[in-house]
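Novice: The residues making up each chain are set out below.
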Amino acid sequence: MKRTIKVTVNGASREDEVEPRLLLVHYLRETLGLTGTHVGCDTSQCGACTVHLDGRAVKSCSLFAVQVDGRAITTIEGLATDGMHALQQGFWDEHGLQCGFCTPGFIMAAAQLLADNPRPTDAEIVKGLEGNLCRCTGYENIMRAVRSAAAATAAQAAPAAAPATVGG
Amino acid sequence: MAVTSMIGARIQRREDPRLVTGHGTYIDDITRPHMVHMAVVRSPYAHAAIRSIDVSRARSAPGVVAALTAADFRTVLSGAVPVTNSFVADKKQVPDQFFIAEGEVAYQGEPVAVVVAGDRYAAADAAQLVHVDYEPLPAVMDLEKAMAPGAALVKRDRPDNIGWDTVFAGGDIDAAFAEAEVTVKERITQQRLFPVPMEGRGCIAEFDEYDNHLTIWTSTQVPHFIRLFVGGGMGLAESQVRVISHDVGGGFGSKLRPYPEEYLACGASKLLSRPVKWIEERSENLVATTHGRGQIFDVEVAAKRDGTLLGLRFTQILDIGAYHGVFSAFQAVACLIAGGCYGWKAVNGRSIGVFTNRTSTDPYRGAGRPEGTHLCERAVDLMARELGMDPVEIRRKNFVHDFPHPNNFGLVYDSGDYDKTLNRALEIADYQGLRRRQQEMRAQGRYLGIGLCTYVEICGLGPSGPTAAAAGVALVESSTVRVHPTGSVTVNVGTHAHGQGHDTTFAQIVADGLGVPYESVDIRHGDTADTPFGYGTYGSRSLAVGGISILKSCQKVVEKARRLAAHVFEAAEEDIVHERGSYHVKGSPDNAKTIGELAFAAHGAGLPEGMEHGLEAVTYFDPPNFVWPFGAHICVVEVDQHTGAVEVQRYIAVDDCGNVINPMIVDGQIHGGIAQGLSQALFEEVRYDDESGQLLTGTFLDYLVPTIAEMPHFETDRTVTPSPTNELGVKGIGEAGTIAASAAVINAVVDALSPFGVRHVEMPARPDRILELIHNGGGDGHNPGAGREVTA
Chain Z
721 MKRTIKVTVN
731 GASREDEVEP
741 RLLLVHYLRE
751 TLGLTGTHVG
761 CDTSQCGACT
771 VHLDGRAVKS
781 CSLFAVQVDG
791 RAITTIEGLA
801 TDGMHALQQG
811 FWDEHGLQCG
821 FCTPGFIMAA
831 AQLLADNPRP
841 TDAEIVKGLE
851 GNLCRCTGYE
861 NIMRAVRSAA
871 AATAAQAAPA
881 AAPATVGG
Chain W
836 MAVTSMIGAR
846 IQRREDPRLV
856 TGHGTYIDDI
866 TRPHMVHMAV
876 VRSPYAHAAI
886 RSIDVSRARS
896 APGVVAALTA
906 ADFRTVLSGA
916 VPVTNSFVAD
926 KKQVPDQFFI
936 AEGEVAYQGE
946 PVAVVVAGDR
956 YAAADAAQLV
966 HVDYEPLPAV
976 MDLEKAMAPG
986 AALVKRDRPD
996 NIGWDTVFAG
1006 GDIDAAFAEA
1016 EVTVKERITQ
1026 QRLFPVPMEG
1036 RGCIAEFDEY
1046 DNHLTIWTST
1056 QVPHFIRLFV
1066 GGGMGLAESQ
1076 VRVISHDVGG
1086 GFGSKLRPYP
1096 EEYLACGASK
1106 LLSRPVKWIE
1116 ERSENLVATT
1126 HGRGQIFDVE
1136 VAAKRDGTLL
1146 GLRFTQILDI
1156 GAYHGVFSAF
1166 QAVACLIAGG
1176 CYGWKAVNGR
1186 SIGVFTNRTS
1196 TDPYRGAGRP
1206 EGTHLCERAV
1216 DLMARELGMD
1226 PVEIRRKNFV
1236 HDFPHPNNFG
1246 LVYDSGDYDK
1256 TLNRALEIAD
1266 YQGLRRRQQE
1276 MRAQGRYLGI
1286 GLCTYVEICG
1296 LGPSGPTAAA
1306 AGVALVESST
1316 VRVHPTGSVT
1326 VNVGTHAHGQ
1336 GHDTTFAQIV
1346 ADGLGVPYES
1356 VDIRHGDTAD
1366 TPFGYGTYGS
1376 RSLAVGGISI
1386 LKSCQKVVEK
1396 ARRLAAHVFE
1406 AAEEDIVHER
1416 GSYHVKGSPD
1426 NAKTIGELAF
1436 AAHGAGLPEG
1446 MEHGLEAVTY
1456 FDPPNFVWPF
1466 GAHICVVEVD
1476 QHTGAVEVQR
1486 YIAVDDCGNV
1496 INPMIVDGQI
1506 HGGIAQGLSQ
1516 ALFEEVRYDD
1526 ESGQLLTGTF
1536 LDYLVPTIAE
1546 MPHFETDRTV
1556 TPSPTNELGV
1566 KGIGEAGTIA
1576 ASAAVINAVV
1586 DALSPFGVRH
1596 VEMPARPDRI
1606 LELIHNGGGD
1616 GHNPGAGREV
1626 TA
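Sequences listed follow chains Z and W, in order. Be aware that the first sequence starts at 721, since it is given in the numbering used here, and climbs by one per residue. Be aware that the second sequence starts at 836, since it is given in the numbering used here, and climbs by one per residue.
Check the hints yourself; a few may be wrong.
As the list claims (entries may be wrong) - Straight-line Cα separation of at most 25 Å, SDA-like style, residue types lysine to any residue; simulated pairs:
1) 847/Z - 1479/W
2) 926/W - 1245/W
3) 847/Z - 1484/W
4) 847/Z - 955/W
5) 847/Z - 1545/W
6) 980/W - 966/W
7) 722/Z - 870/W
8) 722/Z - 954/W
9) 726/Z - 955/W
10) 726/Z - 954/W
11) 980/W - 964/W
12) 722/Z - 1484/W
Unchecked claim - So, partial list: chain Z residues that the calculated Cβ filter (under 8 Å) puts toward chain W:
13) 735
14) 758
15) 761
16) 763
17) 808
18) 817
19) 823
20) 857
21) 877
If you are wondering where the hints come from, they were derived from the structure by calculation, not from laboratory data. Yeah, the Cβ is synthetic: ideal placement off N, Cα and C, and Gly gets one too.
Given the sequences, and given the hints that come with them, work out the whole structure.
Specialist: See the structure below:
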């Protein structure tokens, strides 16, 4: 017995008939073809499926599609509004990924972390990302990637500095 | 970009823009028209007879297309899962594993039936409706009991549970022990591990009955193996089979073989005339994808009182699981490299492969080298302690210094400078300062431990001579380099990547090798239809074998371009000067042509008599030797005597993998490698119930894959000792971190606990295990092989 849901996904309105038991991650991947969100475990440990629900990071393997009726979803494909998001650039610059399978989930989790706390300490980064698993990087460069994105965002947000005096 | 030296440059990976934006193509991202989904019904028992299988309810469930068992698959599949002769050619028995159980199951998770349906939910539902009538049989779980005469059998039709029993004798071990002034012995266990790539396995099989062609999309490290073996199981020649592997979400050794499910998907596609997709769930990945390690070593070391190492004698008892892994016996390579960086009079290892009612073991990151290194580095520390020597001093005293160095088994270490990496690591760590701090902290009742691991590893598999002798195969690697008429370059390689960044590093090699812009080079891999036969990515081989193949193809292209230049300039070939992709006649550097311009000429009219059109080359590279990376890792831990918790305070890694193509990627490989070795030392352990054979760690709720919260910062540095084995002077780095880390961590934990009389700690060094050791004064009561003998 299908139900109709209305969802905003990456800024676009959608209306779909879904089975009540359809997981959000399968709705995104299979109904909408947004395959950047991945499934890495059956038990909500790995965070590869992390997306934003009304701006908050959630594990889309742990929600049914019907639970997001009337709400807004952002996936990795919709994170950047212009070119690359600072975190996507940070992961690229700092080699924060190898196989890349966990990466969309990390970036979505980190995006919420930075939205809440633009200048996190290392301990706060750890706390923000401990719901995600990566098997390739040992997390060293993921830490660097998030630091780098935070610094880049802060630099961009900072009011224009007074022109530097040259020569003195 | 101007043509510059790309080799050695820290450039960002060209793979990443698609991966960080969610535009990669992993196996589950692919769909085919008319595709159906396969779910696998697996044995819940470790060992049972199958009385009957009733698929009638599943077959009539909504959305179901078919429910199939062994009898169905026998009509389209033949043969068995392949087993190589790797390292142990004279196996005692190689039982055939058909791709789905027939009459008896021998491990939990073994496929017994499949259900195919229109969507994955319907397939999963209907799989629950397959009724299998099992008669449980005794599960053989204990390695030593399984070896005993008259033991219960893993499968009823086998003579015993012994897969192989082989001695690797490197020198006169009795003579070495006869000289001994001190001997030490210990039992050292390598627990079973899950490889855990974040993407599980999966495939789509599409059999075209009209062309008699099969296409397989699969998440694998070895597309050409899959074509060869799975195609063979379907009765098809390689020319009738195409294997495509796009982005692969990690492998770590667990995706370097054809698996039953790949055969079953192909068989189902042929039976149903539809594309069949199978995507592994994590719980399947843990129970049915091969495991790593699972070994017991009984080790004995002989030395003189001055610390001169004499002999290393050990037995490796390896848990094969129910069937040989495709490369199961590869892990016996532990015996051949257990001597490590040290000169020994003799090294002698007996390897016994034992069947149990568990999932098969097969290579997992390092595959035999972490095990050999762990035993060697623990043994050397045990001896140092017995002799009252500093672990640094016993290592320095026994390091090999002259290269090339044939080890006790005739394997030739190509180059090394073990003092250099050790000294650098000690300097970064401030070793003497750490020792002082350790004393100060002990006075306060706090327990700091400093652990070393100095390793050498064998990689770059492998030269046909020694590899064929040891492993029964020649693991060469292939490439084609083709310059198109307007100068861009396509490179097709036989190897394949699953996170290593080959698209980037191989393009760096080609940019320098041809002298063309990096951006003009496209690297193609993972599709058997457009790549020459290759052996895939494992054993840290893709650069040292595959990369050199590419370089050699580039050299052939450069030479042909020289002949073309002579023709174009109407000059003698010996008067043509080539510099970074540009050719001119000696004395006329202003009139130069690029390799791209010559490629245009190579596709045009008026070529000289006898010259073929085109500008391309093929190379199958067979290296003259393995390559031998080495390094020194130091781990600093504090152990809480009240809770048994281990805190890794520092981890220092100084590695030497020869020349480096892209330092950013090398550092990343080291980080990830250390993480897996450290995690083996402290966290991970596959556990089964000893009686029933039930997997007790079947989800991530029960198996600790470390998060960012468990991992320390890694302090990395490197020295560069080029390999003389190949023209780039490169070695390998994919496994080095894993090979070194478990010993460094455990040596640190033991060092921390030494005031309590602890001389060895098994992995994982869990708090409960440590507390028990502290309370029992070092004897854990679970280590019957432990003990020491002072013979003089």
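Novice: For every hint, state whether the structure bears it out.
Specialist: Status of each hint after checking the structure:
no.: 1; hint: 847/Z - 1479/W; result: holds (23 Å)
no.: 2; hint: 926/W - 1245/W; result: holds (22 Å)
no.: 3; hint: 847/Z - 1484/W; result: holds (18 Å)
no.: 4; hint: 847/Z - 955/W; result: violated (35 Å)
no.: 5; hint: 847/Z - 1545/W; result: holds (11 Å)
no.: 6; hint: 980/W - 966/W; result: violated (33 Å)
no.: 7; hint: 722/Z - 870/W; result: holds (22 Å)
no.: 8; hint: 722/Z - 954/W; result: holds (15 Å)
no.: 9; hint: 726/Z - 955/W; result: holds (24 Å)
no.: 10; hint: 726/Z - 954/W; result: holds (23 Å)
no.: 11; hint: 980/W - 964/W; result: violated (37 Å)
no.: 12; hint: 722/Z - 1484/W; result: violated (54 Å)
no.: 13; hint: 735; result: violated (21 Å)
no.: 14; hint: 758; result: holds (7 Å)
no.: 15; hint: 761; result: holds (4 Å)
no.: 16; hint: 763; result: holds (5 Å)
no.: 17; hint: 808; result: holds (4 Å)
no.: 18; hint: 817; result: holds (6 Å)
no.: 19; hint: 823; result: holds (6 Å)
no.: 20; hint: 857; result: holds (5 Å)
no.: 21; hint: 877; result: violated (21 Å)
Hint violations for this structure: numbers 4, 6, 11, 12, 13 and 21, all remaining hints satisfied.
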